[in-house]
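S.K.: Use the sequences and the hints to build the structure in full.
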Amino acid sequence: MKLLSRSEELVLLAVLTLKEHAYCVPIRKKLKETTGKSWSFGSIYDPLDRLVHRGFLKSFLSEPTKERGGRSKRIYRLTEEGKKALIEIRNIEKALWAEVTGFEI
Amino acid sequence: MTKKDRKPSRLAEWFLGRIYSEEDDPTRLGDFREVFQEIHREKSLFYARAWYWCQLLRSLPGWITHRLYWSTQMFKNYMLLSIRNLHKNKGYALINISGLAVGMACFILILTYIRFETSFDRFHEKAGNIYRIIQKASNQGDAVTSYSTGTSELLGPALVEDIPEIVRASRIVDNWLDKAVLHLGDKTFLQNGLFADNNFLKIFSFPLVHGDFHTALEKPGSVILTESTAQKFFENGQALGKMISLRLRNNNYDLQVAGIMEDVPMNSHLQFDFLVSEQTLRAEKRLRWMYGTWDIGNFTTYVELAKGHPFENTEKKFPSFIKKHHPGMDPLYLQPLKDIHLKSNLERESATKYEIRQVYLFTSIAFIILMIACINTMNLATARSFSRTREIGMRKVTGADRSQLFRQFMSESFLVTFISLLMSLFLVRLFLPRFQMLTGVDLHVDVLNTPSLFLIVLVTFSLTAVLSGIYPALVLSSLPPLSVFREFQTSGKKGSLIRNVLVVVQFSSAVILIAVTLVVISQLNFIRNKNLGFDREHVVVFPLLEKETRNKAEAMQNALLQYPEVLDVTASDGLAIDIRSRLLGLKLKSDQGTDVKMELCFDYVDEHFLNVFKIKLVQGRNLSSRIGSDKNGILLNETAVKHLGWRNPIGKILTIFRGKHEVIGIVKDFHFASLHKKIEPMALLYSRGSNIAVRFKPGNAQQRISLLKDVFKKHSSTQPFTYFFLDESYNNLYKKEQRTAELFALFAVLSIFISCLGLLGIASFSVEQRTKEIGIRKVLGASLQSIVGLLMKDSVRMVLIANIFALPIAVYAAHLWLQDFSYRIRLPLGVFFLASFLALLLAALVTVLQSLRPASADPVETLRYE
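As given, the protein sequences belong to chains R and G, one line each in that order. The first sequence finishes on residue 121 if you use my numbering, and the numbering steps up by one all the way, no holes. The second sequence finishes on residue 898 if you use my numbering, and the numbering steps up by one all the way, no holes.
Read the hints as simulated data drawn from the structure, not as lab findings.
DMTMM-like mimics (lysine to aspartate or glutamate), calculated; alpha carbons at most 20 Å apart, straight line:
#, chain 1, residue 1, chain 2, residue 2
1, G, K75, R, E83
2, R, K46, G, E74
3, R, K46, G, E70
4, G, K264, G, D295
5, R, K45, G, E70
6, G, K348, G, E193
7, R, K48, G, E70
8, G, K39, R, E83
Some, not all, of what chain G presents toward chain R, calculated at C-beta under 7 Å:
#, residue
9, P58
10, T59
11, V67
Where is the CB? At the ideal position from N, CA and C, for every residue including glycine.
M.R.: Given below as structure tokens:
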């Protein structure tokens, strides 16, 4: 199976931390805060769509709100495969980092 | 702050919605809206809106490339499918494309023609500000008002002086120089000219190649030649300043070439080969009577208004103008230059008239033919939808939505139309010479280099594609996918109803065109064979155009009478088909002593006139050269006598031009003008004229002409010999109608052809659909005739219904057209039945041919695959 890309990984992590509030706007905000960089909507939608397609994320619609012009939110939640993929990428990183020497973190 | 203010701009949101429509996820717009609100809260509305637009702009490039990519992909696919489809059904494709090609070719040809007709006089820079002065003719007995262009020479200058918005006025004299003789050295040509004053070239944009338009027509004795005229006389092109002589009936003028002009375009109502300065006439002592008086109207006056002045306002100033200068003058009006060609309807005008009605008529024919062709495509496409249900169903099942199918069928229609367009352009090229001959107009069909023509073609193309494609595309794309699974699918009742209605419309239009054509033709035949009150066969006329030749008229007459072939010779101004001089406001006393006002047509003839034209005398005697008092004799026609109410007209005195004329004879009424007009009061005065008309015994025309030419050459050394046959020139009076008839006939034939093509397609389709039914019927013992009859029933019924609709309309249209003629046929009802019978026959023929093959096929073959 293909490994997660960095943006996919970050988005997955953001979804994981936001729990039931995980939809596009807070995800974007979260990533902005943690990375200190600006994220466009496109750069969030793309990995989100891809992750849904790969079965790492599941989405459902919330009640529509007035603030959003009567439109609902699309809330994302991690699937079991999603968790596995996250763990896998973390393990790989761990294993690689373990072999690194002479590099102060 | 109200709630409304906190929304992003509606346009931006709509756009963004379009961009994200592909994902079909409304939450995305919601996301944007949420962030928008946030920015709005934290910063300002302006900032938020700016951000929103920014987002939109950033997503545009990606969206556009995406759309482009997919639409080209789909377009390629649609084209491939369309080509395959055409390939698979070659017969239908052929019918379809040839019908459309013929229809579009007609449409393009007619539109280029109409474009020409409506382009008249628009090439003048000041076209919108130029007006011709026309005058209402007052003393008209009947209700019809007529206008004339004849005005006094004083009018133009007085108008410029009194009415500030009239910038310039120009006067011309036309008619005088029709077929004038221009002469230089050993070269002599007949050319048409005008006398024009110095303002003429300042008002009209006839560009000079050489010479100065400010002064070219200033001096007496100057002439401007058109390039092609100059070419005839001066081969080296050095014409400026040279002398050339103009020979008129009574005068010779030596003129100096003061300018060379570009040839007059065909779409100018003024047509001439040369312009002579009007000062030339003014310098002439003999013509003093035309000048300095308000009573003589030999000039046509054109005026130029200052920009931005509605001419109606200027017209309102005319009554007081008339009061000031010449009370009692007939009311004056302004006629816009642009209207002269299409809308003018005057007595005695030099340019040929082509009414605006004709333009409307042909425009509607163009649209009718295009519609007939489009209906073909529509019908064939929907009829075939049956055979395509499977394809459509499959597409729908595999996920094509309706708009995609719609687009597929539209692109198919565009492809078919495009192929037809190429074919139609080829047809246009092929038939252009013939069409030019029919219309008598030199049309240019260089599509790529003429923007307006290109536009016409483009409009034709898109109109046809959309018209013929939209209905089938709507119908076909709406077919339910379930139909795939149905084994037998008869094309829906509704569909075939609409199809039948369309066929009825087609055939109605065709029948109308045919019927009207037949009426036009029978009226023309009526004209051709009408007893006019004189005999126009075997009469040859040649005009004497210059003074020297005119003086020899009697000698020529005598010389001609020596030949045994010649029955009689007359030298007259008027001809039996053309008595044009008009006397307005003649006042006479009737038997009861009351005043009778009469407009009298008159012309000068000699004593042979009645005999040459075989006009009957009903009372009194003919003019005679032996009786000296006949110099002042006059012949009236019956209408004139009736108008005056004279019981004993012989011996009465008429005063014409201050001369007293004694009535010595009454001639039977004859048609001296076209049959559009009623016979008017007419008088023949005694004087030798400038046309020699010769009545021959029937025989070889060629030999007669060379005889005339020999005699003519013996008496005249300078004037070129021209002649015409009286009956031909009579037919020329109806040239316009002749053309209308021929064009009508052409379009009627084409429309019925296209309709039959469509019927052929539909019939063959319905036969195909019923192959099995036919097989079973045959097995059960049906005869060939009964099966053919069965198949014919539908189309015959449709054409019958079409006739029911068409006949009243055709009768009405024909009735309208005939109104133009004072002497006309009664509506020939037989003709209408002939038209419907023709349509019926053709339709039946087409279906019979289509059904013979399946009807005679072996049922074993047709039923085998069951």
